[in-house]
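Chains as they are written, first to last, in the UniProt record's numbering: chain A, 1 to 372; chain L, 1 to 358.
You may find that some hints are simply not true.
[To be verified] Simulated pairs of lysine to any residue, SDA-like, Cα-Cα distance not exceeding 25 Å:
id : chain 1 : residue 1 : chain 2 : residue 2
1  : A       : K246      : L       : R9
2  : A       : K235      : L       : N94
3  : L       : K15       : A       : Y36
4  : L       : K305      : A       : L34
5  : A       : K15       : L       : A19
6  : L       : K167      : L       : S85
7  : L       : K15       : A       : K322
8  : L       : K265      : A       : A30
9  : A       : K246      : L       : K294
10 : A       : K15       : L       : T45
11 : A       : K15       : L       : E28
12 : A       : K272      : L       : A25
13 : A       : K15       : L       : R228
14 : A       : K15       : L       : V33
15 : L       : K258      : A       : G52
16 : L       : K232      : A       : A239
17 : L       : K300      : L       : E320
18 : A       : K15       : L       : T17
19 : L       : K300      : L       : N274
20 : A       : K15       : L       : K232
21 : A       : K246      : L       : R228
22 : L       : K232      : L       : G95
23 : A       : K246      : L       : A225
24 : A       : K246      : L       : V33
25 : A       : K281      : A       : N296
26 : A       : K15       : L       : I229
27 : A       : K109      : A       : A297
28 : L       : K232      : A       : R49
29 : A       : K246      : L       : G95
30 : L       : K168      : L       : A156
31 : A       : K181      : A       : G52
32 : A       : K322      : L       : V33
33 : L       : K265      : A       : L34
34 : A       : K235      : L       : T99
35 : A       : K246      : L       : K232
36 : A       : K272      : L       : E28
37 : L       : K294      : L       : S85
In case anyone wonders, no lab produced these hints; they're calculated from the structure.
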Amino acid sequence: MVARTVDLRSDTVTKPTAAMRAAMANAEVADDVLDYDPTALRLETEMARVTGKEAALFVPSGTMGNLISVLVHCNIRGSEVILGSNSHIHIYENGGISTIGGVHPRTVKNNDDGTMDVDLIEAAIRDPRGEIVYPTTRLICLENTQANSTVMSYGMISNQCSCGGRCLSAEYTDKVGELAKKHGLKLHIDGARIFNASIALGVPVHRLLKAADSASVCLSKGLGAPVGSVIVGSKSFIARARILRKTLGGGMRQVGILCAAALVALRENVPKLEDDHKKAKMLAEGLNQIKGLRLNAAAVETNIIFFKVVEGAKLTAEKLCKNLEQHGILVMQESLTSIRVVIHHQISESDVQYTLSCFKQALTGVKEENGN
Amino acid sequence: MVARTVDLRSDTVTKPTAAMRAAMANAEVADDVLDYDPSALRLETEMAKVTGKEAALFVPSGTMGNLISVLVHCNIRGSEVILGSNSHIHIYENGGISTIGGVHPRTVKNNDDGTMDVDLIEAAIRDPRGEIVYPTTRLICLENTQANCGGRCLSAEYTDEVGELAKKHGLKLHIDGARIFNASIALGVPVHRLLQAADSVSVCLSKGLGAPVGSVIVGSKSFIARARILRKTLGGGMRQVGILCAAALVALRENVPKLEDDHKKAKMLAEGLNQIKGLRLNAAAVETNIIFFKVLEGAKLTAEKLCKNLEQHGILVMQESPTSIRVVIHHQISESDVQYTLSCFKQALTGVKEENGN
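Isolated chain A (complex conformation):
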């Protein structure tokens, strides 16, 4: 078959562009621990400006961005954080906020649209009068876009299908922010894909993050930088974050190399996200027409698609994934019956068409003309 790879497993697979490689090769650097690396400083200044916060800090990963944020807000022993039952922090970060940070999680169910009911969040806040038996709630976390609305265990069969990459509106975020303030809590936003939300909603990033005390934003996903995320927040928050970053081992020396690529990502790749969303819609609508697959195409707001392989389909989800792999198409199996695909800027429209034709061939046995 065609020796072509279409890697739809995640937007983290993006490779650095020629512009990024040139920027990395020429980056002005210094020891970011002893002093400030000038390129890191440039990136952090730009990110603070774009997000409307006082200061910013480059970190090696979104996991560290969230871990530091939770631990800085919850630096007093006996703290609790409220977050979504399907949030990335709760499901995919090794439970680090607890195992490493000693913070207790209190989950609230994520709705399909990525939100949590505000009254359920409020109900989860610990009453200080119960402090003799309660931990102390200090923080609420939101995730925008919400990557996975309904996390399945691998062996699950379910009638449900996750919704992915859902946008939280500025109004919803503000409402949660007001709730936090009312109870003296902080608000952290896992904004790994906040730029996707911003483009999809047509709302500036700083407006989406206005109510947040801190946010963690990935440069290595859809924006395509090779490595890293940036935490943003107040000057005092970032000062404490810098120390915790060092403690966790994230204090890198001439890190401007990576920040130079991240700056290119920030300056060049944000508009491309709109095309990613169009390609995702195109792929979602195409998949929805294939016998044996089912998904909620209307719920595809950004670059993430979940779909079900229905009972009675020609192949199981697992066999379908293997079949696709033989045609060079890499996807992520989420459960016994569901699959996730993620679009990024290094997936072309032609790749999308090729993908659809492979799905059709696998599930209906109809071989398309080679209209790549």
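Please build the complex by placing chain L on the supplied structure of chain A, with the hints as guidance.
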């Protein structure tokens, strides 16, 4: 004055060379979390070979290298680790093994030569019969070269002796080998021989070897497998990290021999400083690239004023205490920089302005 900077604060200040920049620009990369980044894999394979261990793992910093190693060896709650009272882990890593990892430290005094007395290490091991009140000792940590004692080398024989003690008591041995290559060059002993007794080691590429970022942990396959997960948990799982690993590979392949010149320059600087009225140091104890010296009472300037004076001449040093200063030599410090440095010291402390013999 001359607009020249001689940065002697640390060997971490080294900037990437042209060869490193080219390697980074051309590095073959992939998502190191979902799969394996090929350049990271190449570096890790090379480091495992050089250190004589089964496997290796690239991490963003020496702090993370040590933190992961201690936490993986001490993954059971209630653990204690024995380490030097003057060790980098104990003094300069934010107490992370405890605040982040829940591990209890038990320090043993470092001798001037960087060692700890083996019988004092043994005495610090908790007797299991006291477990109702004791934490459980699981790990001993050594540091080679021992930085705070002045870049002192631990011999293979000493390391083996501590390794045997560890085995005798069912403990693991981790070596903070941030500057293990300096030790290897200074002693004329291969790195893998120095690390033979160790269950794990953390080795820096970003110090004397000059890479922009990173360290590598080495150990058994099972140790590294657990380390990889903890690295992700701490937030050190980077995606197309081959960019950084490509530079580290250049450092590993090209810059090890340069360490010998660093040691020569350090000796030259140490002997020159020792002749200056107002300063005192043990030049014989300068084995690698780190020099500590005292500013004597009655010297023309205090340590603090001396540092400021030097800074005005573009010379950056690290004040360690009200009376002592540290300087560190690296491959981007030339012999001419060393001479210039000595002349600035002389001028500051004796008021004698040298001819401009840069």
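We went through each hint and held it up to the structure:
A C-alpha spacing of about 18 Å is found between K246/A and R9/L, which places the hinted pair at or below 25 Å, so the restraint holds. Annotation: proposed proximity of K235/A to N94/L holds, straight-line Cα distance about 21 Å (limit 25 Å). Restraint check for K15/L and Y36/A: satisfied, since their Cα atoms lie roughly 13 Å apart, inside the 25 Å limit. Distance hint between K305/L and L34/A is fulfilled; the C-alpha atoms sit about 20 Å from each other, no more than 25 Å.
Between the alpha carbons of K15/A and A19/L the distance comes to roughly 21 Å, so the proposed pair stays at or under 25 Å and holds. With a C-alpha separation of about 22 Å, the suggested pairing of K167/L with S85/L holds against the 25 Å cut-off. Taking the CA atoms of K15/L and K322/A, the gap is near 46 Å; set against the 25 Å cutoff, the hint is violated. Restraint check for K265/L and A30/A: the C-alpha separation of about 23 Å stays at or below 25 Å, so the hint holds.
Taking the CA atoms of K246/A and K294/L, the gap is about 29 Å. The hint is violated against a cut of 25 Å. Straight-line distance between C-alpha atoms of K15/A and T45/L comes to about 23 Å, which keeps the hinted pair within the 25 Å bound. With a CA separation close to 9 Å, the supplied pair K15/A and E28/L stays within the 25 Å bound. Straight-line distance between C-alpha atoms of K272/A and A25/L comes to about 23 Å, which keeps the hinted pair within the 25 Å bound.
Proximity of K15/A to R228/L is assessed by CA-CA distance (about 22 Å); at most 25 Å being required, the pair is judged to hold. Note on K15/A and V33/L: the hinted pairing holds, with a Cα-Cα distance of about 13 Å set against a maximum of 25 Å. At roughly 47 Å between alpha-carbon atoms, K258/L and G52/A are farther apart than 25 Å, so this suggested pair is violated. Annotation: proposed proximity of K232/L to A239/A holds, straight-line Cα distance about 23 Å (limit 25 Å).
Taken as a hint, the K300/L and E320/L pair is honoured in the structure, with Cα atoms around 19 Å apart against an allowance of 25 Å. Our distance criterion of 25 Å between C-alpha atoms is met by K15/A and T17/L, whose separation comes to about 23 Å. Among the hinted pairs, K300/L with N274/L is consistent with the structure: their alpha-carbon atoms are about 15 Å apart, no more than 25 Å. Straight-line distance between C-alpha atoms of K15/A and K232/L comes to about 20 Å, which keeps the hinted pair within the 25 Å bound.
Of the pairs offered as hints, the one joining K246/A and R228/L holds, with about 19 Å between alpha carbons and a cut-off of 25 Å not exceeded. Pair hint K232/L plus G95/L holds up; C-alpha atoms about 20 Å apart against a cutoff of 25 Å. Between K246/A and A225/L the CA atoms are separated by roughly 23 Å; this keeps the pair inside 25 Å, and the hint holds. Pair hint K246/A plus V33/L holds up; C-alpha atoms about 22 Å apart against a cutoff of 25 Å.
Between K281/A and N296/A the CA atoms are separated by roughly 11 Å; this keeps the pair inside 25 Å, and the hint holds. Note on K15/A and I229/L: the hinted pairing holds, with a Cα-Cα distance of about 23 Å set against a maximum of 25 Å. Taking the CA atoms of K109/A and A297/A, the gap is about 22 Å. The hint holds against a cut of 25 Å. For the hint pairing K232/L with R49/A, the CA-to-CA distance comes to about 29 Å; that exceeds 25 Å, so the pair is violated.
Of the pairs offered as hints, the one joining K246/A and G95/L holds, with about 11 Å between alpha carbons and a cut-off of 25 Å not exceeded. Between K168/L and A156/L the CA atoms are separated by roughly 18 Å; this keeps the pair inside 25 Å, and the hint holds. Taking the CA atoms of K181/A and G52/A, the gap is near 19 Å; set against the 25 Å cutoff, the hint holds. Taking the CA atoms of K322/A and V33/L, the gap is near 21 Å; set against the 25 Å cutoff, the hint holds.
With a C-alpha separation of about 23 Å, the suggested pair K265/L and L34/A falls inside the 25 Å cut-off, and the hint holds. A distance of roughly 23 Å separates the Cα atoms of K235/A and T99/L; the hinted pair therefore holds under the 25 Å criterion. Only pairs whose Cα atoms come within 25 Å are accepted, and K246/A paired with K232/L is accepted, the gap being roughly 16 Å. For the given pair, K272/A sits about 24 Å from E28/L by alpha-carbon distance, which is consistent with the 25 Å threshold.
Under the criterion of a C-alpha separation no larger than 25 Å, the hint pairing K294/L with S85/L is consistent with the structure, at around 21 Å.
Of the numbered hints given earlier, the model fails hints 7, 9, 15 and 28; all others are met.
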